[in-house]
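Asks: Each chain, letter by letter, is given below.
2 protein chains.
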Amino acid sequence: MGSRSGAARQEKSGDARPARRRLSVDRRREELMAAALELFSRHDAEDVSIDDVAAAAGASRALVYHYFGGKQELYVAALKSAAAQLEARLRPQGNGRPMDELALGLERYFDFVEEHAAGFAALLKGGPADRSGEIGEIVDSVRHRLLRLIMRQMRVEEPGPALRITLRSWIASVETAGLDWLEHRDIERPTLERMLVDHMVALLGVAANHDPQVEGLLEELARDQLF
Amino acid sequence: MGSRSGAARQEKSGDARPARRRLSVDRRREELMAAALELFSRHDAEDVSIDDVAAAAGASRALVYHYFGGKQELYVAALKSAAAQLEARLRPQGNGRPMDELALGLERYFDFVEEHAAGFAALLKGGPADRSGEIGEIVDSVRHRLLRLIMRQMRVEEPGPALRITLRSWIASVETAGLDWLEHRDIERPTLERMLVDHMVALLGVAANHDPQVEGLLEELARDQLF
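Quick mapping for you: the protein sequence lines, in order, are chains C and Z.
Quick note: the first sequence, position 86, residue 86 per this note's numbering, numbers continuous.
Quick note: the second sequence, position 125, residue 1125 per this note's numbering, numbers continuous.
The shape of chain C in the complex, shown without the other chains:
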C-alpha cells in the first residue's frame, strides 16, 4: 500500500486495542486533513492532486482514497475543517465591548485569510471547477454563523430588515476587502481593519435612519462608550 514514512510511522507505536486503534485512525485522518488543508490553502483546488496530499502527509494515495473517497470529498472535508477553525477563532474571547470584540474578530479573520490565502481567494472569487452546491452551502453557512455571532455580540435577538441587511452587507464587504487585500496588499492590514470597523459604525448610522431598532442599538453601543 505505498510509502510508509512520516505520519505512517507514528501509527506503528500504537497497539491493537480498539480504543487506541480508533484514536490512531482519527489521528491519521486528521493528519491527512491537515496536509490537505495546507495544500488547498496555498493553491487553487484545481492544482492539488490526491498524490500531492498523500506525499505531503507521507501516506499512500490509497490511504487518502480510503479515508476520503476522492478529491471532491477531500476538498469538502478540508473546507468544513477550515470553516470550523475560522468560527473557533472568531468566538468572542471575553466580555469585551461589542465594537472591541468586532475589531479583535476582524484581526483574527484577516489572520485566517492570510494563512489560507490561495484557498480563500479561489473559493470566494468564483470557485474551483469542481465547486458544487455543497461547497456553496458551506460558504453560506459560514456567512450565516458570522451574522449570528455579530448579532449575539451586539445583543440583538431578532434583527429587523434594515439591521439584517446592514450586517449581511458588512460581512460581504469584509470578505471582499479580504480578497482585495490578497490581490493588492497595498494598504496596511491594521489600517484596513480599522476602516472596516469604521464601516460598521457608519453603516449602522445609516440603518438607524431607517429603523428605530438600530437607533436604539446605536444608543446602547454608545452608552458602552464605544464611539
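Any given hint could be a false lead.
[Unchecked claim] Examples of chain Z residues lying across from chain C (beta carbon under 8 Å, computed):
#	residue
1	Met-1151
2	Gln-1153
3	Met-1154
4	Pro-1161
5	Arg-1168
6	Ala-1172
7	Glu-1175
8	Asp-1180
9	Leu-1182
10	His-1184
11	Asp-1186
12	Ile-1187
13	Ala-1202
14	Val-1206
15	Asn-1209
16	His-1210
Because the hints were derived from the structure by calculation, they are not lab data.
These numbers come from a predicted model, not from an experiment.
In this text, a Cβ means the ideal position worked out from N, Cα and C, and glycines have one as well.
Fit chain Z to the known structure of chain C by using the hints.
Replies: Below, chain Z alone, put in the same frame as chain C:
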C-alpha cells in the same frame, strides 16, 4: 429533427441567400438563448434541462445541441447574455450628477435582480453544481466592470487602495442586499435602494478619513450639491 413550431416556422419565410440565412441563424440562436435565459432566471440551473429549453423555444433538442453543444455551454452563454444586459442597463443614461446616476443604476440593478430572481440567487449564493472557473470569471468580470462604471461616474481614474476597497465593498454589499431581498422581501425596494445609496455616502465618508483622494472626491461631489 423534431417539432417545427413557433421559432422554427418563422425561419421558413426567409430565402436561401447567405445574408438572409445568416440572419435567420442568428435569430434562431437568439430565440433559443432567450428561452434558456428565461428558464435559468426562474429556476436553479440544476433544474433546467436541454429538453425544457427546446420545449420553451418550440425547437428540437437536437437544435439546442447544435447551437450550444451542451447544457454547461448553454448556461455559460445565457450568463454572458445576462451580464451584457445588466451592463447595458447600468450604462449612465445622461450627464446626471454621480449620486443621482448611482440611485438610478441601483433601481435598474434591482429590476434586473427581480427579473432573474432564481438565477441570480442560485449563481451568487454558491452556484449550481456545474459551476466552473469560467462562470466564476463571468461573475468577477461583471463586478469589475461595475467598479469601472462607478469610477467613471465619479470621474476617478486611478483609485487609491482606500477608495478601491470602498467601492468594491459597496458592490459586494449591493449584491448581498439583492440576495437578501429575494429571500425575505420584507422591506420596500425603494427604501432598500435609498439605504444603499446612503451606504455609499457613509462609506466614502469613512474612506475620506483614511485617504485625502477620497476627501477631495467627497468635496467635489458636494460641490455638485449632492448631499
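Asks: Run every hint past the structure and note whether it holds.
Replies: Consistency of the hints with the structure:
1. Hint status for Met-1151(Z): violated, given a least beta-carbon distance of 14 Å to chain C, over 8 Å.
2. Nearest Cβ of chain C to the Cβ of Gln-1153(Z): about 20 Å, over the 8 Å cut. The hint is violated.
3. The beta carbon of Met-1154(Z) is not positioned within 8 Å of any beta carbon in chain C (closest approach about 18 Å), and the interface hint is therefore violated.
4. Hint status for Pro-1161(Z) relative to chain C: holds, with the closest Cβ pair at about 4 Å, below 8 Å.
5. For Arg-1168(Z), the interface hint holds, since its Cβ comes within 8 Å of a Cβ in chain C; the closest pair sits about 5 Å apart.
6. Interface restraint check: Ala-1172(Z) against chain C, minimum CB-CB distance 4 Å, threshold 8 Å, status holds.
7. Because the smallest distance between the Cβ of Glu-1175(Z) and any Cβ of chain C comes to about 7 Å, under 8 Å, the interface hint for this residue holds.
8. Hint status for Asp-1180(Z): holds, given a least beta-carbon distance of 5 Å to chain C, under 8 Å.
9. Taken as an interface hint, Leu-1182(Z) does not check out: its beta carbon lies about 12 Å from the nearest beta carbon of chain C, beyond 8 Å.
10. Using the Cβ-Cβ criterion of 8 Å, the hint placing His-1184(Z) at the interface with chain C is satisfied: the shortest such distance is roughly 7 Å.
11. The closest approach between the C-beta of Asp-1186(Z) and any C-beta of chain C is roughly 5 Å, which is under the 8 Å cut-off, so the hint is satisfied.
12. Checking Ile-1187(Z) against chain C by beta carbon gives a least distance of about 4 Å; that is within 8 Å, so the hint holds.
13. For Ala-1202(Z), the interface hint holds, the least distance from its beta-carbon to any beta-carbon of chain C being 4 Å, beneath 8 Å.
14. For the restraint placing Val-1206(Z) at the interface with chain C, the shortest Cβ-Cβ distance is roughly 4 Å, inside the 8 Å limit, so the hint holds.
15. Residue-level restraint check for Asn-1209(Z) holds (minimum Cβ-Cβ distance to chain C is 7 Å; threshold 8 Å).
16. At a threshold of 8 Å, the smallest CB-CB gap from His-1210(Z) to chain C is about 6 Å, leaving the interface hint in force.
Against the hints set out earlier in the document, violations occur for numbers 1, 2, 3, 9.
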